[in-house]
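Student: Residue numbers (this note's numbering), protein chains in the order written: chain A, 504 to 812; chain B, 241 to 572; chain C, 988 to 1318.
Hints listed in this document are in silico derivations from the structure and should not be mistaken for laboratory results.
A quick note: this is a predicted structure, and the numbers were derived from the prediction, not measured.
Check before you lean on any hint, since a few could be wrong.
Unchecked claim - The calculated DSS-like cross-link candidates involving lysine-lysine, where the alpha carbons are at most 27 Å apart (straight line), are: (1) K268(B) x K257(B); (2) K422(B) x K1256(C); (3) K339(B) x K268(B); (4) K373(B) x K715(A); (5) K380(B) x K316(B); (6) K257(B) x K325(B); (7) K316(B) x K422(B); (8) K390(B) x K715(A); (9) K264(B) x K701(A); (10) K549(B) x K510(B); (11) K1107(C) x K1022(C); (12) K325(B) x K264(B); (13) K339(B) x K422(B); (14) K373(B) x K390(B); (15) K1162(C) x K510(B); (16) K339(B) x K715(A); (17) K268(B) x K701(A); (18) K510(B) x K715(A); (19) K538(A) x K1189(C); (20) K510(B) x K1273(C); (21) K510(B) x K1107(C); (22) K390(B) x K1107(C); (23) K1189(C) x K1162(C); (24) K549(B) x K701(A); (25) K715(A) x K422(B); (26) K422(B) x K380(B); (27) K268(B) x K316(B); (28) K1006(C) x K1273(C); (29) K1256(C) x K1189(C); (30) K701(A) x K316(B).
Claimed, not checked - Far from chain C by the CB rule (all over 10 Å, computed), these chain B residues: (31) L269; (32) G320; (33) M374; (34) S406; (35) E524.
Even for Gly, the Cβ is constructed at its ideal location relative to N, Cα and C.
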Amino acid sequence: MSEQLTETAPVAEGAAVGKTQTPLQRFASDYFESKIAAGALFVLIGIIFIAVFAPWISPQDPYDLSSVSVLDSKMPPGSQHFDGWTFHLGTDGAGRDLLSAIFYGLRISLGVGIVSGVIALIIGAAIGMVAAYFGGWVDTLIMRIVDIQLSFPTILVALILLALLGKGVDKIIIALVIVQWAYYARTVRASALVERGKEYIEAATCLALPQKRIMFRHMFPNCLPPLIVVATLQTASAISLEATLSFLGVGLPVSEPSLGLLISNGFDYMLSGRFWISFYPGIALLITIVSINLVGDQLRDVLNPRLQK
Amino acid sequence: MSDAMLSVNNLTKNFVKRLDVAGKIASKLGSNIREEVVHAVDAVSINIPRGGVVGLVGESGCGKSTLGRMIAGILKPTSGEIVYKGVSITDMSEDEMRKAALQIQMIFQNPFASLNPRMRVEEIIGEAPLIHKMITASEKTEYVCEIMQKVGLDPEYRRRYPHQFSGGQRQRIGIARALAVKPEFLVCDEAIAALDVSIQSQVINLFMDLREDLDLTYLFISHNLSVVEHISDQVVIMYLGRIVEIAETDDLFEEPNHPYTQALLNGIPKLDQRGIDYEPIEGEIPSPLDPPSGCHFHPRCLHAIERCKMERPVLREIAPDRWSACHLNDQA
Amino acid sequence: MTDTPTLEVRNLHTHFFTKAGVAKAVDGVSFTVRKGEVMGLVGESGSGKSVTGFSIIGLVDPPGEVVGGEVLYNGQNLVGLPEEQMRQLRGNRVAMIFQDPMMTLNPVLRVDTQMIETIKAHDPSVNETEAFQRCRDALGQVGIPAPEERLRSYPHQFSGGMRQRVAIAIALLNKPDLIIADEPTTALDVTIQGQILYEAQKLCSETGTSMIWITHDLAVVAGLADRICVMYGGRIVEQGEISAVLDHPVHPYTRGLLGSVPGHGTRGKRLFQIPGMAPSLLNLPKGCAFKARCPRADDECIVEPEITTPVPGREIRCCHPHLDPSEEVPA
């Protein structure tokens, strides 16, 4: 019997494995190998920070009509407010400090993007798991619905929905959820099908574990990697879609301007030389989406080969 | 016969690739596309005695893994019955079926895919006994440590994840997981095929020790005849879904009866044969989608006669404890 | 014996520079393969046997690199040879067969296209008809029935065993002097493996091609090879003529390995087991790589053993070899 125990001894001395290394720690060390992705992650964290703390860090509350004066409108970046502080990015047509407007706008854009993403993920993932686990006609039915949904261009669907639903933050979120859930369902289903064939799921069946437990405790956590990647990239896509809709004038009401609306508002002034009113919100949107995409790319590279181990 | 721990009677498993809507339309319009049926396991009957080790041998497409999975409860048979401790599984109540399922456990081939990569070893081993109320939450740690020691793993490492262990150690974790539910019957599906030679010997010894200590019965599925010769009491040879020969290990290796068994034994390289002239069997293993008629082996058999092409040979007892499915035995 | 051996490997070192450290996959390997000889290169996973094969033919990809030693093919050193010259040798004079035949075969090209391409890459003057003939003959040589039809098929239309035969046929097309086979039959069924081994044996004796057969299966090597090299931890621990090594192993690892193989003689008994596990190549212990698992190890083994010749024709790296010929292999 003692011969069997010695099989474990060399792990402690020779192996490259040290203390318990959770999958999370392993993932983190792989992720930070790319300097670009690490940079993008920090930028993204900065953006989220700004969005969350906007009311506290903005020089001005752009929706407080008392602090905004039409006399300040269309002033170029660097000009002075009569109270002494600087409009770092200038002001827009109504006299609002552009920097503050961008901070608040990020809040809305990110908020709508993330909330709709999360809801779509929950709905889509549940549907995808059910389709994969049960197979047969359940799977066929669900996947045909998904296919139909995905064959329509997202902007078209969103426009139609918003025409029916009207304006408002909640309406936009509903529209974005309806447009996105199918991607999540398809991704999760594909991943779950792969996992279902693996022997550890067979083992769980052999151990007579309840079906629900096998689905959610065993299959689902292993479907997370591709799901995380899709979620990240979809969020960027949702933010972009919302901006487009706002730019077109449907979607969010004027009282809650997202970056898209800011860009739209400033569009009239582009040719007259007051480019900053559209330009800076545009840059903010660009940086947000690019950093999310870079993070998503690195996640995809890091998470996928891992699955082969 | 009556003290068989587990027996299967005429067990069959067919995998059907049904036509989807497009296919159905095509076939109605006259195309000769049709449903594809693979007879993975074709009316197989075996008896496994209590405390015995039965080796199940065959090459790709023979159905041994499918048979193993049906016995372990992972796949549902198409027809036929599985009788465990005298009671047919289909006659059992929910509760009895669950108990039987726990008593028949499986050890898998792939040490990488057979463990949930996101669960700690402690969880992997301790989950099932906890769910089935075999132990309480407070007893879990002690129970897991005990089992880990029994399979030769250091309980210190129970909080680690599978990727931190070697192939041989992962296989031991898989064995521990099976042992945790106190099984009486283990199906080992190529359990050592993916391991290095020196680790294989460790795991083979472990199987033999556990058999004695815990009074286990094994169905040992493998394509490696040397290992089967070492560990089994009785050997079953399968070819394309059917059993071709059953015999006690010594009898089979000394005097194989079925031509396929003979060819199999001739073809394996042996350590003490130097610079031999191989005499391999001709031909490829046929596809299970389109097996030859009559006796599946007839296209590759050196002794095939007309009858072999037309009639499926029956598995008959040709001597005490020896069965073979070959028409040539009838002529003796 | 004055003609140059087909292949002479001298003190080869191949290291992998990973973020976790330097893995010394091949750590001072030397052996010789004569014309028409079959050399069995045996070891378990992590022993460095496959990397040795790749190093010889120059297919080690970054982060791996051949960092030292010489590989003399007919006297010419291949290490450091410019890629263009190496390309002319590869597939032409030195060929390789892999475990997965799909590493050789392109799934989107027909078999005849791929084979003719191989011929033309090294001899552009050959015309189509002649090339086709050679391909057909090569397929016949490896035992593929109806070669003309098979030539027009795609790889996915062949079974696993057939694909491997096609891969072998491609390796043979330009009549190389040396074939390196990396576990070519490991993934195949027993009866198919028997067929491939039969073909390989026939070929070597008929054409005088030298072969290095890399495997972990001692039984395969027993029937096929003339000489054997046993690798452990990136080094060759025992080397010699096949029967001599298998019947009278000198190195404790070889003895342990032979004792671990189950079979007729071990029926019902406990198998000999080498305790512990193979060391990680990132973290090889000081001195003898096998020290931690060796029943005869002591303080002397802290110094890495040099290559010694305790018995004529046998080279080993060991401080405490089993020299008593009457000692039984442990069972």
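Student: Now, for every hint given, state plainly whether the structure supports it.
Tutor: Hint check:
1. For the hint linking K268(B) to K257(B), the alpha-carbon distance of about 17 Å falls within 27 Å, and the restraint holds.
2. Distance check on the hinted pair: K422(B) and K1256(C) sit about 26 Å apart at the alpha-carbon level, within 27 Å; holds.
3. Between K339(B) and K268(B) the alpha-carbon distance is near 47 Å, which puts this suggested pair outside the 27 Å criterion.
4. As the CA atoms of K373(B) and K715(A) are separated by approximately 17 Å, the hinted pair is consistent with the 27 Å bound.
5. Between K380(B) and K316(B), the direct Cα distance comes to roughly 32 Å. Violation of the 27 Å bound is thereby established for this hinted pair.
6. For the proposed pair K257(B) and K325(B), the alpha carbon gap of about 34 Å is over 27 Å, so the pair is violated.
7. The hinted pair formed by K316(B) and K422(B) meets the criterion: a straight-line CA distance of about 23 Å does not exceed 27 Å.
8. The straight-line distance between the Cα atoms of K390(B) and K715(A) is roughly 31 Å, outside the 27 Å bound, and the hint therefore fails.
9. Taken as a hint, the K264(B) and K701(A) pair is broken in the structure, with Cα atoms around 31 Å apart against an allowance of 27 Å.
10. Between K549(B) and K510(B) the CA atoms are separated by roughly 33 Å; this puts the pair beyond 27 Å, and the hint is violated.
11. Distance restraint check for K1107(C) and K1022(C): the Cα-Cα separation of roughly 26 Å lies within the 27 Å cut-off, and the hinted pair is therefore satisfied.
12. Restraint check: the Cα-Cα separation between K325(B) and K264(B) comes to about 44 Å, which exceeds 27 Å; the hinted pair is violated.
13. Distance restraint check for K339(B) and K422(B): the Cα-Cα separation of roughly 10 Å lies within the 27 Å cut-off, and the hinted pair is therefore satisfied.
14. With a C-alpha separation of about 21 Å, the suggested pair K373(B) and K390(B) falls inside the 27 Å cut-off, and the hint holds.
15. Pair hint K1162(C) plus K510(B) does not hold up; C-alpha atoms about 30 Å apart against a cutoff of 27 Å.
16. For a cut-off of 27 Å, the pair hint linking K339(B) to K715(A) stands: about 19 Å separates their Cα positions.
17. Proposed proximity of K268(B) and K701(A) is contradicted: the alpha carbons are some 37 Å apart, above 27 Å.
18. Distance check on the hinted pair: K510(B) and K715(A) sit about 49 Å apart at the alpha-carbon level, beyond 27 Å; violated.
19. Of the supplied pair hints, the one linking K538(A) and K1189(C) is violated, its CA atoms being roughly 56 Å apart against a limit of 27 Å.
20. For the hint pairing K510(B) with K1273(C), the CA-to-CA distance comes to about 36 Å; that exceeds 27 Å, so the pair is violated.
21. Of the supplied pair hints, the one linking K510(B) and K1107(C) is violated, its CA atoms being roughly 41 Å apart against a limit of 27 Å.
22. A hinted pair counts as satisfied when its Cα atoms are at most 27 Å apart, and K390(B) with K1107(C) does not qualify at roughly 61 Å.
23. A hinted pair counts as satisfied when its Cα atoms are at most 27 Å apart, and K1189(C) with K1162(C) qualifies at roughly 15 Å.
24. Taking the CA atoms of K549(B) and K701(A), the gap is about 39 Å. The hint is violated against a cut of 27 Å.
25. A hinted pair counts as satisfied when its Cα atoms are at most 27 Å apart, and K715(A) with K422(B) qualifies at roughly 23 Å.
26. Between the alpha carbons of K422(B) and K380(B) the distance comes to roughly 14 Å, so the proposed pair stays at or under 27 Å and holds.
27. The suggested pairing of K268(B) with K316(B) is violated, with an alpha-carbon distance near 31 Å, which exceeds 27 Å.
28. Distance check on the hinted pair: K1006(C) and K1273(C) sit about 21 Å apart at the alpha-carbon level, within 27 Å; holds.
29. Our distance criterion of 27 Å between C-alpha atoms is broken by K1256(C) and K1189(C), whose separation comes to about 37 Å.
30. Pair hint K701(A) plus K316(B) holds up; C-alpha atoms about 17 Å apart against a cutoff of 27 Å.
31. Under the 10 Å C-beta cut-off, the non-interface status given to L269(B) relative to chain C holds; the minimum distance is some 27 Å.
32. Here G320(B) stays apart from chain C, with its beta-carbon at least about 26 Å from theirs, past the 10 Å limit.
33. Distance to chain C confirms M374(B) as a non-interface residue, since its nearest Cβ pair spans about 31 Å, more than 10 Å.
34. For S406(B), the requirement that its beta carbon stay farther than 10 Å from each beta carbon of chain C is not met, with the minimum near 6 Å.
35. A cut-off of 10 Å between C-beta atoms contradicts the statement that E524(B) is not in contact with chain C; the least separation is 5 Å.
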